[in-house]
Structures are given as structure tokens and as C-alpha cells.
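> Sequence:
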Amino acid sequence: MRSAVPTFWGFEARLAAFYAALFILPGIQMPFFPVWLKARDLDAKMIGIVLAVPMVARVVAIPIVTRAADRRDALRTALVIACLASVIGYALVGLSVGALAILVTYTLTSLAATPVMPLSETYALRGLSARGRAYGPVRLWGSFAFIVGNFTAGVAADVLPANDLIWLMVAATLLLALAAFSLPSPVPFTSKPLGEQEPRQTLLRDPIFIVVVAAASLIQASHALFYGFSAVQWRAAGLDGAIIAALWALGVAAEIVLFAIQARLPPFFEPTVLILFGAIGATVRWLLMALNPPFLALPLLQLLHALSFGATHLGTLMFLVRHVRPGQAATAQGYLAIAAGTAMAAATALSGLLYTDFGVRAYAVMALAAVAGGACGFIAHRARREALH
93 MRSAVPTFWG FEARLAAFYA ALFILPGIQM PFFPVWLKAR DLDAKMIGIV LAVPMVARVV
153 AIPIVTRAAD RRDALRTALV IACLASVIGY ALVGLSVGAL AILVTYTLTS LAATPVMPLS
213 ETYALRGLSA RGRAYGPVRL WGSFAFIVGN FTAGVAADVL PANDLIWLMV AATLLLALAA
273 FSLPSPVPFT SKPLGEQEPR QTLLRDPIFI VVVAAASLIQ ASHALFYGFS AVQWRAAGLD
333 GAIIAALWAL GVAAEIVLFA IQARLPPFFE PTVLILFGAI GATVRWLLMA LNPPFLALPL
393 LQLLHALSFG ATHLGTLMFL VRHVRPGQAA TAQGYLAIAA GTAMAAATAL SGLLYTDFGV
453 RAYAVMALAA VAGGACGFIA HRARREALH
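Going by this note's numbering, 224 is the number at position 132 of the sequence shown; the sequence numbering is gapless.
Calculated directly from the structure, the hints in this document are not laboratory data.
What you were told as hints is all true, and nothing was included just to trick you.
Restraint-style ranges between C-beta atoms, simulated for each label pair:
(1) R474 with W259: 49 to 57 Å
(2) V240 with G190: 27 to 35 Å
(3) P359 with L460: 29 to 37 Å
Ideal Cβ positions, reconstructed from N, Cα and C, are used throughout, including at glycine.
Assemble the whole structure, with the sequences as input and the hints as a guide.
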């Protein structure tokens with residue numbers, strides 16, 4: 093009789109634990125890293141520069157690391173090294189004194205940390221596909237951990253001095269490195285020696301891949317105004333911090349539900365159809381937000397996060413699994429991360445200008461971005477159906 097222990101702590105359980113560790117960090121970092129920077133006497137201009145560093149670092153680090161991981165078939169090794177380097181990096185940031193030292197150490201840390209996400213997604217998709225398992229029920233633990241990390245850090249921020257908040261991030265990256273070490277080696281993507289593999293099509297010359305990446309980037313970038321200014325808008329409307337946190341948590345909870353039922357979705361919901369539903373959900377969500385809806389409507393609009401983010405994310409990753417050759421999976425994730433990050437950076441900068449001039453009506457521009465993403469998704473859907481037939 094087989095032991096129940098390997099089943100309990102098998103691949104899916106280890107991967108779920110890794111995703112949980114992976115998303116605890118942004119749950120802490122997004123709201124509280126700026127607080128720590130301010131406590132270290134950085135002014136608003138310098139804080140903005142520091143926070144922009146990962147957006148630049150990803151363009152440099154991600155393509156180098158993901159291509160190397162593909163060429164050497166060293167996905168887990170690259171992931172573990174990146175996680176370990178992130179621990180060291182955040183510790184150095186915490187020990188840095190002065191704006192220049194913080195900027196330098198955080199730049200180095202970002203070079204190590206930004207490839208972690210595309211490497212993680214590639215590792216997860218390869219391992220789950222080889223085992224015939226769905227991505228969503230494992231990935232949902234990351235979303236759940238984001239909520240836990242966010243609320244836990246909020247409580248800790250009321251107890252710890254602001255100067256010590258960085259050590260919460262160091263602890264989160266250490267937990268991530270330990271979780272990465274626990275991951276088993278992935279199934280090799282080919283049994284052939286590296287020199288005997290078939291020639292690869294360049295992904296940047298693959299029109300279907302390009303339009304899917306464009307669709308995902310535009311739809312996800314349409315969230316920029318919400319991510320940057322929803323709390324500002326709601327606080328100005330008189331909502332307290334607990335209610336704002338609950339609204340954010342409701343959106344993530346809706347995303348978790350979609351991830352949980354992914355394996356039960358009917359065949360109709362193929363990857364490009366999910367992307368189209370994501371575009372529709374985002375368009376409706378932002379158009380209604382532009383009307384400055386009453387408080388009672390906000391929970392319903394937050395449920396649309398399951399489509400605007402969740403369906404878009406699932407559809408994009410499932411497309412990569414089916415469309416991209418295994419030996420290019422990390423490279424494809426790298427291109428997606430760069431495109432999505434660039435689009436989000438541009439949309440975030442634009443959001444600040446739009447919100448200053450137009451307030452909540454600026455959500456109409458985000459709806460236009462979602463419509464453009466949906467158009468790209470429709471082109472990809474038609475092209476993929478024609479290719480399959």
C-alpha cells in the first residue's frame with residue numbers, strides 16, 4: 093500500500109506552496125515599500141525613481157535569463173539562483189544608507205528578482221502539463237497568499253517602526269528561496285541532445301504569438317488607473333481603510349474562484365475565448381467605474397476582476413502552453429513579461445495625468461485600452477482557428 097505522504101507533498105503541493113511564497117512578497121511590498129523609503133528620508137521624486145527601477149531592470153534581465161534557461165534546459169536552477177540572489181539583494185537594500193546606496197542596491201536586486209515570475213510560470217506550466225493537471229487550482233494559492241501578506245503586513249506596520257518594514261520583505265524572499273529549493277527538477281523538454289534539436293521559429297516573427305501578447309498586455313495595462321488611484325478615489329469618497337482593503341480582497345477572491353474551477357470549464361473556453369471574455373469584462377468594468385458608481389455597486393464591479401484579470405491571465409498562459417514549443421517556453425514568458433510590464437508602465441504614467449485632469453472619467457480611456465486588447469484577441473482567435481483547420 094502506497095504511503096499518503098508523497099501524495100500530500102507531491103509536485104502540486106510543492107508548487108502551491110511555492111506560489112504562496114511567491115505572492116506574499118508583493119502583498120507586503122506594493123503598499124509598504126514606499127513607506128519604508130519615506131522612512132529612510134527619500135523624497136517623493138526619489139521614491140518615484142526607485143519604484144521605476146524594476147520596470148527598467150526587467151527589460152535587461154528577463155530576456156537574458158529566460159533565454160539562458162531555455163538553451164541550457166536549466167529552469168529550476170535559474171529559478172533557485174534568482175530567488176537566492178533576491179534574498180541577498182533585499183538584505184543589502186535594508187542595510188543601505190542614503191538614497192544613492194538604496195537606488196544602486198535596489199537596481200541590483202531588481203535584476204535578480206524580475207526574472208523570477210516568468211521562470212516560475214514556465215516551470216509551473218511545464219510540470220502541470222506533463223502531469224495532466226490544471227494551472228488554476230494551483231495558482232489560486234498565490235492569490236490567497238497575496239491577501240494574507242497584505243493584511244499581515246498591514247497589522248505589522250502598526251506595530252513595527254517604518255524603518256524595519258524592509259525586513260518583512262527579506263523574510264518573504266527567504267521563504268520564497270526555501271520554497272524554490274523544495275521544487276523537484278522539471279521534466280526535460282526534449283530527449284535529444286541540445287545540438288540535435290529542430291530549428292526554432294523566432295517567436296517575434298510569429299504573428300499569432302505577437303497579437304496574443306499585445307492583447308494580454310493591453311487588457312492587463314487597462315488596470316493601471318485602478319491599481320494606482322482606486323484607493324485614492326475611495327478614500328476621497330469617505331471609505332475607510334478596512335473597507336478599501338475588503339474591496340480589493342473581494343476582487344482577488346473572485347479571481348481565486350475562477351482559478352479553482354478552471355479544470356471544470358467546458359471546452360468552449362479555449363485560450364483565446366478566455367482572453368476575449370477578459371477584454372469584455374475589463375471594458376464593462378472600466379466604463380461603469382467612469383460613471384462614479386455608488387458604493388453598493390462597487391462589490392459587483394470588483395467581481396469582474398475574475399474576468400478582467402483572471403480570464404485574461406488564464407487564457408494567455410494556456411495559449412502559451414498550446415502554441416509555444418517547450419524549448420522556447422521561458423523565452424516566451426520573458427517576452428510576455430517585458431511587453432506587459434512596458435504597457436503597464438506607460439499606462440501607469442498616463443493614468444496619473446488623466447486622473448489629475450479628469451478624475452474617475454479617466455476610466456473611459458482604460459476601457460479603450462481593453463477594447464484594443466479585445467480586438468487583438470479576436471484577431472488571434474480567428475487566426476488560430478484558421479491555423480487549426
